[in-house]
Every structure is written in C-alpha cells, then in structure tokens.
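Novice: Read off the chains here:
Protein chains: 2
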Amino acid sequence: MNFLEERILKDGVVKPGNVLKMDTFLNHQLDMQLIDRIGQELASRFQGAGVTKVLTIEVSGIPIACAVGRALGVPVVYAKKSRSINIDGKIYVAEVESYTQGLKNRIIVSKKLLSSRDKVLLVDDILANGYALQGLVSIVEDAGAEVAGVGIAVEKGFQEGGWRIRNLGYRLESVAIIQEMDAKTGKITFGAPNE
Amino acid sequence: MNFLEERILKDGVVKPGNVLKMDTFLNHQLDMQLIDRIGQELASRFQGAGVTKVLTIEVSGIPIACAVGRALGVPVVYAKKSRSINIDGKIYVAEVESYTQGLKNRIIVSKKLLSSRDKVLLVDDILANGYALQGLVSIVEDAGAEVAGVGIAVEKGFQEGGWRIRNLGYRLESVAIIQEMDAKTGKITFGAPNE
Numbered sequence: 001m002n003f004l005e006e007r008i009l010k011d012g013v014v015k016p017g018n019v020l021k022m023d024t025f026l027n028h029q030l031d032m033q034l035i036d037r038i039g040q041e042l043a044s045r046f047q048g049a050g051v052t053k054v055l056t057i058e059v060s061g062i063p064i065a066c067a068v069g070r071a072l073g074v075p076v077v078y079a080k081k082s083r084s085i086n087i088d089g090k091i092y093v094a095e096v097e098s099y100t101q102g103l104k105n106r107i108i109v110s111k112k113l114l115s116s117r118d119k120v121l122l123v124d125d126i127l128a129n130g131y132a133l134q135g136l137v138s139i140v141e142d143a144g145a146e147v148a149g150v151g152i153a154v155e156k157g158f159q160e161g162g163w164r165i166r167n168l169g170y171r172l173e174s175v176a177i178i179q180e181m182d183a184k185t186g187k188i189t190f191g192a193p194n195e
Numbered sequence: 001m002n003f004l005e006e007r008i009l010k011d012g013v014v015k016p017g018n019v020l021k022m023d024t025f026l027n028h029q030l031d032m033q034l035i036d037r038i039g040q041e042l043a044s045r046f047q048g049a050g051v052t053k054v055l056t057i058e059v060s061g062i063p064i065a066c067a068v069g070r071a072l073g074v075p076v077v078y079a080k081k082s083r084s085i086n087i088d089g090k091i092y093v094a095e096v097e098s099y100t101q102g103l104k105n106r107i108i109v110s111k112k113l114l115s116s117r118d119k120v121l122l123v124d125d126i127l128a129n130g131y132a133l134q135g136l137v138s139i140v141e142d143a144g145a146e147v148a149g150v151g152i153a154v155e156k157g158f159q160e161g162g163w164r165i166r167n168l169g170y171r172l173e174s175v176a177i178i179q180e181m182d183a184k185t186g187k188i189t190f191g192a193p194n195e
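Line by line, the protein sequences are chains A and B.
Numbering follows my numbering, in which position 88 of the first sequence is assigned residue number 88; successive positions increment by one, without gaps.
Numbering follows my numbering, in which position 175 of the second sequence is assigned residue number 175; successive positions increment by one, without gaps.
Quick caveat, the hints were computed from the structure, so don't treat them as lab data.
Yeah, the Cβ is synthetic: ideal placement off N, Cα and C, and Gly gets one too.
Just so you know, not all the hints are guaranteed correct.
[To be verified] Ranges between beta-carbon positions, derived for each pair:
1. B:T189 - A:F158: 53 to 61 angstroms
2. A:L168 - B:G144: 46 to 54 angstroms
3. B:R166 - A:E173: 40 to 48 angstroms
4. A:K184 - B:R166: 48 to 56 angstroms
5. A:K111 - B:K81: 22 to 30 angstroms
6. A:E173 - B:D11: 45 to 53 angstroms
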C-alpha cells in the first residue's frame, strides 16, 4: 500500500452516493507534505514526457497541480469556471457537467496561455466520471496543443472516468485507485487500473 | 524594488476600473518559482508568530496560501464559496461581497478544521476592499481562534482594504503595495503602507 492509500484509509470517510470525503487532507484542508509528495510522485511518472505546462480546473485540482508544476519546473494553468470581468479577449471554452453540484459549468482558458507548441499534462485531485478532464482535453485540442498525459491523485476505479480516458488513448497515472468502497462498513479497497 | 514589484511592472497590465491583470503569473497561469518566493517572503515575516494554520478563500488565494503553509510547515484551509453536497455537518459561514463579480457569496469552513487553539494566518493574492478578508476574520472569530496576521501578495494601496484591516489592529504584511496605477499610461507606482 502506498502513502496516499494509507492516508485515505486513515482519514478518508465513505459517504452514501459514492462520496469519499478527504476534506481534512486533500481538499478544503490541505496537508502540504502529502500534497507535495503526490506532486513529486506524479511528476516522476511523467519525467521525460516533455511536459511544458500543467493544466487543471478550479478549485480542488489547484494544490496538486501546483505541486506537480513545481516538481516538473513548468507553469501551471487553471481553467476557470465562469467568465469573470477580469478575463477579456480571446478564450477557449468547454462545457463541463459537475457531478457533485449537479449543474453545467462553462470552463475557460485564456488563449494566450496555451499554444500549439505546448505539451500539456492534465492534473486533478479526483477522477470519477471524467467530465472535467474531457473539458480540459477539448481545450487543449482547441489550442492545437498535445495532451502529454493525465495525472490524478485519487481515481474512483468503479466509475467510468478512468476507463474512458485510457480508451481515448491517453496515458493516465493515478497515485491511488479505489476499486470498491462501502458507505455502510466504511471499507475501501484499492487496486490496479481497469483496462 | 522587490522581486514581485519588478514582475508586476514587467507582466502586469492595468485595465480601466482599477483592474490589474496578473493572469500570466499570479492567477490563471502560475509561475511556481514566483509563487514559492512570495510564500517564503510572507512566511519569513510571520516566523515566530506561532501560526498553526493558514486560511484563505477559493480560488485565487490558494496557490499563495499553499506556498506559505509549506514554508511555515502548517496545514492550509481554504474557505469554499458555496455549500456543496460534499460538506455536511457543522460549518462556519460568512457573507462576502465580490468586487469582480458584483454579487454576494456565502463562504464556509468546516467546523472540524478550526478550533479555539488555532493561531490563523489569513492569506490572499490580492487585497482591494478587504471584503473577503473580513469574511475570513469573522469565521476565525466564530471558531474562537486567534488571527495571527494577514499576508498578501499584492495590496491595492489606493483602495480601503489595507487601511481597514490595519485599523482593526491586525498585522498586515503585503509583498507589493500599489499606490497608483493608470489605465491610460499603464504606469504603476509602488509604496509603503497607508497608515
């Protein structure tokens, strides 16, 4: 069992509706040593892949993305969830369904931040159905850039996101993959990727 | 002129309506070396202040808060802007007006993440009118915790936030304080805090 799986067993709480609360260490409250270790682990798996930029989506992907960007020595870009008056000019746009909020978000990235020369590593804290990642993939494609791969802290292997991303031909690396979890017993089982 | 002031002169863009775009290095895209240096600078100013936790508010405060938390060796908590189904149980709540979005947000922090034993350093990327910070102060007070101080990357010295926070008796440290900026000429002038 690796360091993140151990931490999930220690502090993660399974709730009904396939919800895994990790708000004391991964989102809401951040254990920076853990976040940095996840960043270093993901960076080491994509070392040599020629990554020029890390791309994530606000909010909870940002700390992990920062740790990966630091470890790879590349800038981090986070897609924003709605058009603020602080973003003018040309933007890439994608529609993303939110699992936890039950609504559609428009995500945007300023065009000046991605170019056709970029090799982009997509990073997020949790992979469930993969909708957020699909939005990010679509933005990278709009920019004519290349997806170097996908780095995830916690993949819910019993949801379709991981399968979908791997089936599209992208290299997906998750530090922890949950194969089963049970809200009644609190039991969490880890495993290898579903091919 | 310090490293952040130099970077703002180089890459910041003044827009009408007191907007300073720093989206190529401080928010939207993150220069991790710069972010880390800001974090180390703020951490060094509050070294010895007994900080047990860094508190910020989503979204753009998170990278700086992570860098400060890492440098001080304490956990980071970010207040969330709306109630998601992933937060149950007891929460602290404050109302915050958003300058850039022109609407009121409810910000929340899970009660289990702040206790009366905490000395909390409030961190944000930009200080303008100080509404977000006032919301965070109110949450720290609700928790019976102590505000150890306020650390800011870029303070707009010509808006009332800095004055307001210092007048409340809190120690406020900003890495760069903008005294004047002009959308027509693009000129930006830095200075010391307004007392």
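Novice: Please list, smallest to largest, the hint numbers that this structure does not respect.
Specialist: Failing hint: just 6.
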